[in-house]
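Each chain is listed here by its residues.
2 protein chains.
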Amino acid sequence: MSSFEKLFSPNAIAIIGASQDLTRISGQPIQALRNSGYKGPVYLVNPRYKELHGMACYPAAKTIGKPCDLALIAVPAPSVADAVRDCGAAGIPFAIILTAGFREAGEEGRKLEADLARACKETGVRAIGPNCQGALSTQSRMWCVFGSVSEETGLTPGAVSCAFQSGGFGYAVVNLAEAQGIGFRNVVSTGNETDITMPELLSAMLDDPGTDLAFGYMEGTPNARALLALGQKSLENGKPVLIWKGAQTEVGTKAAASHTANMTGNYDLYRAAFRQSGLIETQDVEEIVDFAKVAAPKRWPKGRAIGVLSISGGSGVVFADRAVKEGLTLPSFSPETFKALRAIIPAFGAADNPADTTAAVINQPELFTKTLDIVLADPGIDQLSLLLASLPGAGALKCAQAITAAAAKTDKPVQVVWSGRKAKSEEAWKLFVDAGIPFLPTPARGAKAAATLARFAEDRRRLTPRKAPAVKMPAGYSLPSGGQTLSEVESKAVLKAFGIPMTKEVLVPSGADMMAATKGLKGPFAVKIVSRDIAHKTEAGGVKLGMAAADLGKARDEVIANGRAYKAGAKIDGVLVSEMASGLEALIGVVNDESFGPTVAFGLGGILTEILKDVTFRVAPFDLATAHDMIAELRAAKMFDSVRGKPASDKDALAKVLVDVSIMAAALGDRLKEMDINPIFVGAKGQGVAAADALVVLK
Amino acid sequence: MSSFEKLFSPNAIAIIGASQDLTRISGQPIQALRNSGYKGPVYLVNPRYKELHGMACYPAAKTIGKPCDLALIAVPAPSVADAVRDCGAAGIPFAIILTAGFREAGEEGRKLEADLARACKETGVRAIGPNCQGALSTQSRMWCVFGSVSEETGLTPGAVSCAFQSGGFGYAVVNLAEAQGIGFRNVVSTGNETDITMPELLSAMLDDPGTDLAFGYMEGTPNARALLALGQKSLENGKPVLIWKGAQTEVGTKAAASHTANMTGNYDLYRAAFRQSGLIETQDVEEIVDFAKVAAPKRWPKGRAIGVLSISGGSGVVFADRAVKEGLTLPSFSPETFKALRAIIPAFGAADNPADTTAAVINQPELFTKTLDIVLADPGIDQLSLLLASLPGAGALKCAQAITAAAAKTDKPVQVVWSGRKAKSEEAWKLFVDAGIPFLPTPARGAKAAATLARFAEDRRRLTPRKAPAVKMPAGYSLPSGGQTLSEVESKAVLKAFGIPMTKEVLVPSGADMMAATKGLKGPFAVKIVSRDIAHKTEAGGVKLGMAAADLGKARDEVIANGRAYKAGAKIDGVLVSEMASGLEALIGVVNDESFGPTVAFGLGGILTEILKDVTFRVAPFDLATAHDMIAELRAAKMFDSVRGKPASDKDALAKVLVDVSIMAAALGDRLKEMDINPIFVGAKGQGVAAADALVVLK
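Protein chains in written order, with numbering that gives the first Met the number 0: chain A, 0 to 698; chain B, 0 to 698.
Don't take every hint at face value.
A pair counts as met if it fits within one copy or between any two copies, since identical chains are not told apart.
To be verified - Here are the simulated DSS-like cross-link-like pairs (lysine-lysine), alpha carbons at most 30 Å apart as the crow flies:
hint	residue 1	residue 2
1	LYS698	LYS49
2	LYS637	LYS253
3	LYS612	LYS324
4	LYS503	LYS566
5	LYS232	LYS466
6	LYS645	LYS543
7	LYS65	LYS423
8	LYS49	LYS543
FYI, nobody ran anything at the bench for these hints, they're computed from the structure.
Please read these numbers as outputs of a predicted model, since none were measured by experiment.
Construct the complete structure from the given sequences, taking the supplied hints into account.
Next up, the structure:
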């Protein structure tokens, strides 16, 4: 992937379709680039003028004849592809296309968009848009935008870069976040993403040394699988990436369809991919603001334990409630820490975690600093939150001094929850900002942000070392050809080839000797009809369970007769006689998703999946640790433990099968439409698992 | 309950323990009352001075000799009870006690608090505190507080009253909410609540004509049952009450114990009581602010349907996602509405709900007004949200004018989501404020607030008409005396007296003729040991299921032998032979909670309760509609429908039993320690329910 540095710090900018009218979409960027203080040359391109706004105007980009990294394209939709070809001829590597009227505008637009995609491919020009509000960079003062943001050239610079599939919404987020103290680096409205997609763009943002954190609002992308590599890069670089996935619900999806015509995909899979790769899902502006603040010092807590010191007991209670719900722990302080705190904190305060120092301590800065040092030195504490309520004036300043001093002596994260009015606490406010101490307005928001910080740090430790397993077809194996639904026996043959264990069983053709065929199997038995033409065996009366050896012949006759009655002319291969497995009933499925490709679903049988939708997903292929994550994140995960008289289940064997299914899904790739193992029996620890039924549908 | 008007608008204020030093806790209120502009006389009381701060100083309140409604008490803890007695002698009806050092300070403090409680009772003086930060009222300029809030006499007046069990935290919430545009009426830090408790105080706040909405932060109250009446009053008066319950988690509870030493109780029961009574649970400041804004116009949506018009497609997507998750619906507009909108909204916008008018419409105010009128006239739409992103300047003003005009013509709620900068949109900002049009900063927050508004309005319709059933002991029935665990037969006798249906069964004593005794019952049977001394029958080997008639004698001998082996000397009454019931297994429990009194728990059997904790609660007694709410709010509620080949279950019979259990729990009152029906079988619709096992523990 090429770096996008020239997009964000172009040596010059060409405006193709530059307007005479500075209030028009094709005029606003000219004004914005003047106001922003962009230092490079701006070349206006419009064959209708020789001169425009006191500048030379070129008939085409290729006539500029000077180096130029970026073109802003604002010509009518039918001319956009040619404008890109013009950029190619001019040697301009990047384009931002504002023009609307592509796939969001029906059949004719779809054709234009296909031509635009071809133009990008032919020329190698990398393009943002079309149908977008543009992009800006506080690093280079590139301000190629229209709309209200074109007037916002005073936007605070900072280390947050972001991309939005909705310009209006995105710039509203930027506005709100800036008002709460966030500074921005590169900001892009991505529109239809005909060429550059959200994952690629966010990935490029992480390459920018001036970006510490990236945020994306997306309704969907055909390139969703690239999110996995994005997450991995985020973790490796220690640059968090937050994603807000719009179109989570049916109504939201309907709205998105008429909005950007993006492929919105399956929200459950997006969430799974976020968890799988370390991307951080977000759902509102405050979450983004708060996390950006606590992540800014780039201190990563070594675990989930947080220490809390408050000057208001209620704040400590509220913080603790939220922190625990978000996955943090508030362990008791070590005996040494407790003893040392007890000697400082007044008797009516609390010396254990969450401790309440009360305001008394704060009036003695040296005592308060000492308190902080003591807690930060506790090896059981990974980060520290100070809850200052709305402490004003001199008290706030004393706290700020003590906190700044203590934070400078540790590499543990230190955050402050404080709602003091800026006007009444100018000095404390400034000290926190200058020292880079994050402060958030409410205990609940502080707790949530600290938890997200701990989770990101944990994902760095847990997920970064993971490697997807090698994917290959088993030696000598070849899949049946053509698009078809395989019979149970054929389906199981596919699974067997990839090492997935089955119940012990034998295919007994209609006329064969039952006794001889089933020799070596132990009853009771399941008898199931085998026919490609009958996918729903139970519905067809094609299954009999718990049969004794003596009844197998009769059972075979019955299920075959039922199958014939269910579907006249069905080609029936015989019956499958299987040992009855026992254990916890689970199900494993594979879907070849339009955005993510092969994905694996896993859940427990019965009401848990059917009624409670307690199912978890991962993008295939994945490793054992990821498979164990899937098992652990079921709401009913405790079912695998020793409960209700049932011994603990064989999670290791189950995880191994999940990995093998993921390898199979990846190896079969586009040939596999869907696969279901339902049920798979999970035996007691050490007893393994056995797939009892399977269905493979090929493309 | 007496009105608290004199507390909040006192004709005069006595400060008992007034300090010479205005920076001390007993001095700060003197300064605050000067700064706040309180108009009535302030009487300083301190036997050490004749004159203080240029005012007469009285040796005791009873020597003031003039009418006085309120005393602020700031004397040392051992003198507080006498100060209250002094107030009684002086005819002062209300006191605010700032002094700390009561039950939060150990045994000695507990004694002082008991004496204080006696003093209040003897004198009839109603007291806030002790151990609190005081109270203030923007209505009367009463500012009896210490700490940073004593300097905040410029607090914006408004219609929100609130009470906090943590002063520091509470006033931080007030600060933050005010900065976001909320005005306040009466604000109280309640401290230990020795006399006046949170529910009584919030209820009194609802009586104040100047209060439109009340908010309380509480960690717990012994008087929790009073929350039910508070909720009912809130719904009847159309004045929402928001409660933030601190101490939701184990760690939070531990923190609260060292903070206020309040009885924190069972969070699940608090949540149930909120749902049961129409109180609104809240978890952060933004939720309070947002809901206070959308509730301020006192327009109650008639249903859950919301119409959405955006100028930014992404905002509509995000709003829709959150709205649906919070329980709103975004139905398609009526064909007439759609047709009319389609004619106005540009082709590249969206004319169905959520509609995207695009910015084009906004530049023609008459078209935008017309659009709003059309949607507001749609009978399928109960409220309207307008999403304006961060639209600045003239565009914002045009929108504001159109919205204000449209809102004036309807009684449906109209809200705006808008993050325009105030500095760039002064006129629009002012117009919205003056016209009382709520505007919130983000689509997600707007959606959540609108959903809470719809829920409050729905609770008004649904819950207000509900009447708790009459509670009485069945004629001629009397409970066994003494604290004891009853046997299954005795336990079932209690349930039978209250009309709860049982499996058909008979008690067969050890020597009795089994055949004769079980005549008229149909097998298969359950055989269970009957002994008060054996509460855990299964563990004792005292249960045999699925017995045929022929095996009953043997089964009886076995379970009795097992019982004897399990507990030597157990008094065994015989065995209970029951018909095996079938249906969905549920469980119903009663707990006599220390804060709420008798409460009923309900869940489905097996993993749903054990692993997933899918259990619901209500405070007893309650009516049929409430019982149906319990059934519907289980996560696995679909289990009662026709699923997995099982017919729909008899929800009506189940609800009837829940009501009868709630009547029983209330009638037995303190005599009932706990009760469990486990399992109760819920048959198919029309087939009724049958309790198969029961355990009653008396006090």
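Here is how each hint holds up against the structure:
1. LYS698 - LYS49: neither (58 Å within a copy, 99 Å between copies)
2. LYS637 - LYS253: The answer is between: 26 Å across copies meets 30 Å, while 37 Å in one copy does not.
3. LYS612 - LYS324: both (22 Å within a copy, 16 Å between copies)
4. LYS503 - LYS566: Result: close within a single copy only, 28 Å intra versus 46 Å inter.
5. LYS232 - LYS466: within (13 Å within a copy, 60 Å between copies)
6. LYS645 - LYS543: both (26 Å within a copy, 20 Å between copies)
7. LYS65 - LYS423: Neither: 55 Å inside a copy, 39 Å across copies.
8. LYS49 - LYS543: Classified as neither; 85 Å inside a copy, 100 Å across copies.
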